[in-house]
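S.K.: Here is what each chain is made of, one letter per residue.
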Amino acid sequence: MRLDLLPRARRSPWLDLLAPALAFLAAVLIGGIAVAILGVPPGQAFLTYFVAPLSEVWSLQEVALKAAPLALIATGLAFCYRANLWNIGAEGQYVAGGLAGGWVAVAAHGSQGPTVWILPAMLLAGTLAGIAYAMIPALLRVRLGVSEILTSLMLVYVAQLLLDYMVRGPLRDPQGYNFPQSVSFEDAARLPLLMEGESLHAGVLISGLAIALAALVLARTLFGFEVRAVGASPRAARFAGFSDARLTLAVFAISGGAAGLAGICEVAGRIGQLQPEISPGYGFTAIIVAFLGRLSPPGILLAALVIALTTIGGEGAQIDLKLPLDLTRAFQGLLLGLVLGADVLTRYHVRIVPGGAGAKVTP
Amino acid sequence: MSLDIVSLDIVQMVLVTVLTAATPLILAGIGELVVERSGVLNLGVEGMMVLGAAAAFAVATQTGSTGLGALGGAGAGLLLAALFGVLTVGLAANQVASGLALTILGLGLSGLVGAGYVGMKRDPAPHLHLPGLTDLPGIGRLLFGHDAFVYAALLLVVGVWWFLWRTRAGLILRAVGDDHTATHALGLKVRKVRFLAVLFGGACAGLAGAYLSLAYTPFWAPAMTAGRGWIALALVVFASWQPLRVAAGALLFGGATVLQLHAQAAGLGLPGQLLSALPYLATILALVLLSLGRRRGGSLAPAALGRVFAPSR
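Heads up: the sequence lines are chains A and B, in that order.
Start counting the first sequence at 0; every next residue gets the next number (numbering that gives the first Met the number 0).
Start counting the second sequence at 0; every next residue gets the next number (numbering that gives the first Met the number 0).
Quick caveat, the hints were computed from the structure, so don't treat them as lab data.
Please note that the accuracy of each hint is not assured.
As the list claims (entries may be wrong) - Here chain A is said to cover these stretches of chain B; the calculated rule only asks that three of the stretch's residues, wherever they fall, bring their Cβ under 8 angstroms from a Cβ of chain A:
1. 90-96
2. 105-119
3. 220-232
4. 274-288
We put the CB at the ideal spot given by N, CA and C, even for glycine.
Sequences and hints are given; from them, build the entire structure.
M.R.: Below, the structure is given as structure tokens:
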């Protein structure tokens with residue numbers, strides 16, 4: 000038996016939608032089998048994972064709060080991945096953003112005078128720190144040809160250790176009984192809540208705006224066209240005179256800035272202080288979201304909601320059904336794998352040729 | 000005289016720890032080297048390694064056999080790699096993204112497999128003991144006192160070197176990695192070669208994980224590989240896709256790890272986080288130095304590395 004892949008002359012918009020939907024269905028089916036093996040009725044698990052989080056106001060807010068950073072980081076990453084550049088260190092850029100922005104809040108803590116500048120300064124510092132941190136792998140690639148995949152990933156560990164050092168050392172709250180955390184930010188350094196007494200904060204709006212802006216840039220500007228052209232055909236793009244180096248730096252800046260902004264929004268929004276852990280792996284999960292959303296902003300928004308839903312659902316399942324959190328992670332990894340596999344349907348006619356042990360060469 | 004032997008023993012002890020720290024990197028690195036030589040970039044080493052560690056510990060605890068545990072670890076890595084192979088070799092999916100999916104999937108699955116074994120301990124894998132030889136002062140333990148994983152890793156390095164440069168099959172594998180279109184036109188089975196290479200890489204990564212949970216620590220803890228899979232990937236680049244250099248590079252990294260542990264113990268006044276960051280910073284530095292040294296030489300990477308292949312009849 001042999002599998003033949005014949006490239007499609009043109010992509011069908013129906014298949015483009017159908018393929019990820021099929022992949023999602025397959026992942027849910029496999030997940031259901033896994034859940035059954037763990038001794039939980041699959042129907043009940045499905046309700047807990049996918050329906051329960053949508054049925055209450057607080058959990059809907061949680062979904063939005065989780066989806067916002069994921070969608071923001073993933074949108075930034077989509078620029079990189081479309082240009083065939085592999086920034087997989089968004090987690091580090093997120094941490095750098097959270098740390099730098101949080102540093103501003105700690106430095107401004109207890110200062111006299113007007114306080115309106117604090118929050119904008121924090122957001123700016125976070126975004127700039129994310130950009131600066133992403134420039135390390137970008138410059139190493141442009142100047143020295145070092146693989147950005149490995150350097151960006153290694154820098155994640157470095158950023159996490161730096162944050163750990165800062166909150167245990169220079170930025171630790173002197174009155175904090177030696178707990179590894181900074182002072183709790185003042186109200187002027189916190190993102191305002193959208194509704195009194197609820198958890199939804201302005202970070203969701205900021206993320207939404209940033210994503211809309213990015214979508215516009217990608218779809219409607221010459222720069223966006225460059226990014227898409229390089230991804231579709233690097234050779235043609237080079238003939239058209241697009242500069243590799245400039246593009247590399249630009250897409251890394253966008254993805255780093257988006258991750259940094261997401262980081263400071265989380266710190267200034269939900270957390271409200273610096274602590275050794277400021278991310279439940281958003282930077283890595285966003286990679287799944289980016290591909291799940293097929294590297295397009297509307298798709299990414301949808302994918303972020305789905306992934307946030309399963310994450311919140313997974314937390315519910317851990318409490319209600321005693322299902323381990325790792326199940327959620329395995330499900331997300333499997334889902335990404337299946338989506339990538341289903342992609343083949345959109346790009347090729349798949350033929351299964353019976354018999355014939357290997358590809359026969361026809362002269 | 001006796002003082003000399005004591006200091007010789009200290010040197011030996013340090014070298015032994017360097018070799019043990021290097022072993023998982025050698026195992027995973029040599030597997031990935033074969034995969035990349037065939038033209039496939041599998042970024043999922045970390046995932047296969049961590050699943051291997053969990054599966055090995057689970058099997059070893061259930062059966063009471065370290066050997067079966069090692070097999071279980073290698074098997075788990077191989078199965079995960081098979082999934083990657085189906086995606087990237089069979090279905091021509093993007094290799095970078097699929098590798099990342101594999102990492103996430105492996106981390107999740109390892110948590111599921113290892114859930115019941117957190118906090119348990121086993122005796123470490125038995126060490127070789129040859130009466131007379133192992134007790135030789137200064138060199139006995141270094142040459143004759145390791146567990147089976149260490150010797151397997153060294154044999155694997157030599158074996159892979161011999162395979163790649165001294166056998167016809169190895170030549171075919173390298174040719175496939177350099178130009179899949181031409182090798183396909185010659186009637187060679189590009190996808191079969193790549194799939195087998197991917198399986199081999201997965202088994203090696205799983206074995207590396209098994210070494211961590213059965214011999215190095217020896218217990219299972221979630222995400223215990225702590226980025227070693229990624230360092231193994233960097234090693235392959237660092238070694239310019241040469242097996243013997245993978246071993247040499249792994250020893251260098253093992254040395255850095257041991258140095259970091261000693262510095263932490265000695266309390267040099269440096270923050271512990273800086274010392275913990277050293278292996279990652281060293282990886283970046285190594286990649287930078289390597290490319291500085293090679294400005295004019297062009298890339299030594301297999302020419303078809305990371306490019307998808309869909310045979311056009």
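S.K.: Among all the numbered hints in the text so far, which are the ones the structure does not match?
M.R.: Violated hints: none at all, because every hint is consistent with the structure.
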